[in-house]
Amino acid sequence: MRHRSVVFTLILACCSLPLMVCAQEKSKTKGGSEKAVEQETEFVTPAGDQVIESLKGNNDRELAESYEALAKKFQQNGNYKKAEEYFKKALASFKKLKSKDDISRVARSLAKVQEKQQKTNEAYYNYSVASDAAAGKTERKINFNDANRLNSSANAVTQTEQVSSNISLLKQQGRNKADLQDAYQQKAELYLFRNDFYGAIDVYYQAIEAAKDDETTVVALKGKIADVYVSAGEFEKALLFRKVLADEAKRNGDERLYIEQQQQLAEILFRTGANDKALEILESTYKLAFEKGYSQEVRKCLKQLVKYYKEIGNYSESIQLYERFLDHFDELILADSSLIDLNSFQAIEGKIKQLEKEKVLKDELISSTNNFNYVLIGSLVVLLILLGLFVRSLLSIKTRNKKIALQSLRREMNPHFIFNSLNSVNQFIAQNNELEANKYLTSYSNLMRTIMENSSKDFIVLGKEVELLKKYLDLEQMRFKDKFDYTISVDERLDTEALYVPNMLIQPNLENAIWHGLRYLETIGLLQVTIALEKERILVTIDDNGIGLTKSSELKTRNQKVYDSLGLKNTEQRIELLNKLYRKDISFGIREKTEQEGSGTVVELVFPLIDKPVG
Numbered sequence: 009m010r011h012r013s014v015v016f017t018l019i020l021a022c023c024s025l026p027l028m029v030c031a032q033e034k035s036k037t038k039g040g041s042e043k044a045v046e047q048e049t050e051f052v053t054p055a056g057d058q059v060i061e062s063l064k065g066n067n068d069r070e071l072a073e074s075y076e077a078l079a080k081k082f083q084q085n086g087n088y089k090k091a092e093e094y095f096k097k098a099l100a101s102f103k104k105l106k107s108k109d110d111i112s113r114v115a116r117s118l119a120k121v122q123e124k125q126q127k128t129n130e131a132y133y134n135y136s137v138a139s140d141a142a143a144g145k146t147e148r149k150i151n152f153n154d155a156n157r158l159n160s161s162a163n164a165v166t167q168t169e170q171v172s173s174n175i176s177l178l179k180q181q182g183r184n185k186a187d188l189q190d191a192y193q194q195k196a197e198l199y200l201f202r203n204d205f206y207g208a209i210d211v212y213y214q215a216i217e218a219a220k221d222d223e224t225t226v227v228a229l230k231g232k233i234a235d236v237y238v239s240a241g242e243f244e245k246a247l248l249f250r251k252v253l254a255d256e257a258k259r260n261g262d263e264r265l266y267i268e269q270q271q272q273l274a275e276i277l278f279r280t281g282a283n284d285k286a287l288e289i290l291e292s293t294y295k296l297a298f299e300k301g302y303s304q305e306v307r308k309c310l311k312q313l314v315k316y317y318k319e320i321g322n323y324s325e326s327i328q329l330y331e332r333f334l335d336h337f338d339e340l341i342l343a344d345s346s347l348i349d350l351n352s353f354q355a356i357e358g359k360i361k362q363l364e365k366e367k368v369l370k371d372e373l374i375s376s377t378n379n380f381n382y383v384l385i386g387s388l389v390v391l392l393i394l395l396g397l398f399v400r401s402l403l404s405i406k407t408r409n410k411k412i413a414l415q416s417l418r419r420e421m422n423p424h425f426i427f428n429s430l431n432s433v434n435q436f437i438a439q440n441n442e443l444e445a446n447k448y449l450t451s452y453s454n455l456m457r458t459i460m461e462n463s464s465k466d467f468i469v470l471g472k473e474v475e476l477l478k479k480y481l482d483l484e485q486m487r488f489k490d491k492f493d494y495t496i497s498v499d500e501r502l503d504t505e506a507l508y509v510p511n512m513l514i515q516p517n518l519e520n521a522i523w524h525g526l527r528y529l530e531t532i533g534l535l536q537v538t539i540a541l542e543k544e545r546i547l548v549t550i551d552d553n554g555i556g557l558t559k560s561s562e563l564k565t566r567n568q569k570v571y572d573s574l575g576l577k578n579t580e581q582r583i584e585l586l587n588k589l590y591r592k593d594i595s596f597g598i599r600e601k602t603e604q605e606g607s608g609t610v611v612e613l614v615f616p617l618i619d620k621p622v623g
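To convert, count from 1 in the sequence shown and add 8; that's the numbering used here.
What the hints contain is simulated information worked out from the structure, not anything from laboratory work. Note that the coordinates shown come from a computational prediction; the quantities given were computed from them, not determined experimentally. Please note that the accuracy of each hint is not assured.
[As the list claims (entries may be wrong)] Simulated crosslink set (DSS-like; lysine-lysine; CA at most 25 angstroms straight-line):
id, residue 1, residue 2
1, 232, 80
2, 543, 64
3, 90, 108
4, 465, 315
5, 285, 295
6, 81, 232
7, 285, 315
8, 90, 64
9, 81, 103
10, 149, 90
11, 479, 543
12, 179, 149
13, 285, 300
14, 80, 64
15, 592, 543
16, 311, 258
17, 103, 127
18, 124, 149
19, 104, 81
Put together the whole structure using the sequences plus the hints.
If you want it as structure tokens, here you go:
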């Protein structure tokens, strides 16, 4: 007797082995080569292929959407663990894109598959995320209700109220039928929890009415009604439902569904004691499943038959049944195309994971390369400073750059600017305009303080540079009343608190535009400063409608021409030195406007995107 029990236990264990192992053996019998795998890839789902193509490309949205499509495929097939894995990846991708509608939708889908796996806390969290990200009030309320439902697991009445509210909202919305069906089933399960079988059946009928155009859903709901009748002990009604479903499947030519219904029918008959009838149905179903190559259905039938023979003590029949199963096992596996599909998808999923690893490594490599570049730039700065200690190098720099290194060039105030500022104060005092003189001196000292605070830095954040330019232009407007207006516009895509630009490299060009172009106008001129993001670089454009370079040159004295030449050369040398010290591709250009553009001058400065302090 003990020997028979051991044999039977072995049979059950073997019946439970995943049939995918055999699918892999089948692949080996074909040669086990890469060529065989490639031939099978035609069965891989389009969603899997799309993920691979998205990983190869650089489109983040396409990748997120392909992850979501693959997750839905797993969800439809009942593989909630895999669906959760890919919904998480889709959600993470959409969060990077900051797309709230997508975040809400995917977070809800993720919560639903987590709830199917009894992961209540995770599902609660993601329903809350979906609610927070939802754009519409209805979607927000539906997700909020689901979160509260999970948070009220100890109170069936509260849970029923939340589900009923969702059913009402979803019916009003009239869009998401899948969510409506889920809500109906949640309500039915709450009735079953309270052993209110007929209340659950009534809810299932409501769900059938709502899903009358979806034949697959209707069949599944009728099957649930049959299960409830079994739980309630109403076996005759349960048998009737299963017979009707089996007949409908047979008429429609759905052999797999017919086999499933026959299995359920046999299970109910076993419970009612009609063992002979159940055995007859089960054996014919087992034979049909074998003929059609439905390995999973064969496995289920075999387990039912073995279980029955064990209960009646017929171990020899169990062993014979299992031996016949083994004799035709290879034939079954070869006939089951679903195993080929699954094996092929395992290959494609392995490729997905490999591409994901490569993407992570690539991102890490890019990050490491950037860090290495910053270290290299810092090392070059230190090297240049050390070289600057040598007299010969220092004298050479002073000779080429008006005896300044980059720091002294930046700190050196423009004597012309100081002289004219003091003259303006003197003029206000001479006119007994004490209020204007005080106001001018206050603004002037404020500007000087800002300049001195940043005097030790080669680069400052863009926001501080813009603030300094505004202070300077306000001061010049006070000096040259009714001579010019100005505008400063900054591209919204530029983070003014995170990006760095060269310190005090824009201001001298503003001064030139005012002093050598706009102040000679008889009407009010316009100075436009535009800071834009163009081709991953910062483009600063200084546009004035002054008298232009040619006419300005004609009006200048010899001293003014010398000063302008030195100022322009000073700017060029600073740019050259910045490029050498920090290897930043900074460029500068100045031109006179064409006749079509009108009078005036255009200056363009191009800076690279720098998101860390330099120098």
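Hint by hint, here is what the structure shows:
1. 232 - 80: holds (23 angstroms)
2. 543 - 64: Given pair residue 543, residue 64 holds - Cα atoms ~23 angstroms apart, limit 25 angstroms.
3. 90 - 108: Roughly 24 angstroms separates the two Cα atoms, so the pair holds.
4. 465 - 315: violated (83 angstroms)
5. 285 - 295: holds (16 angstroms)
6. 81 - 232: With a Cα-Cα distance of about 23 angstroms, the restraint between residue 81 and residue 232 holds, given a limit of 25 angstroms.
7. 285 - 315: Within the cut-off at roughly 16 angstroms; holds.
8. 90 - 64: holds (22 angstroms)
9. 81 - 103: This hinted pair holds, its Cα atoms lying about 22 angstroms apart.
10. 149 - 90: violated (28 angstroms)
11. 479 - 543: violated (29 angstroms)
12. 179 - 149: holds (14 angstroms)
13. 285 - 300: holds (23 angstroms)
14. 80 - 64: holds (21 angstroms)
15. 592 - 543: With a Cα-Cα distance of about 15 angstroms, the restraint between residue 592 and residue 543 holds, given a limit of 25 angstroms.
16. 311 - 258: Holds, at about 24 angstroms.
17. 103 - 127: holds (22 angstroms)
18. 124 - 149: holds (21 angstroms)
19. 104 - 81: holds (23 angstroms)
Going down the numbered hints, you'll see the structure goes against 4, 10, 11, while the others check out.
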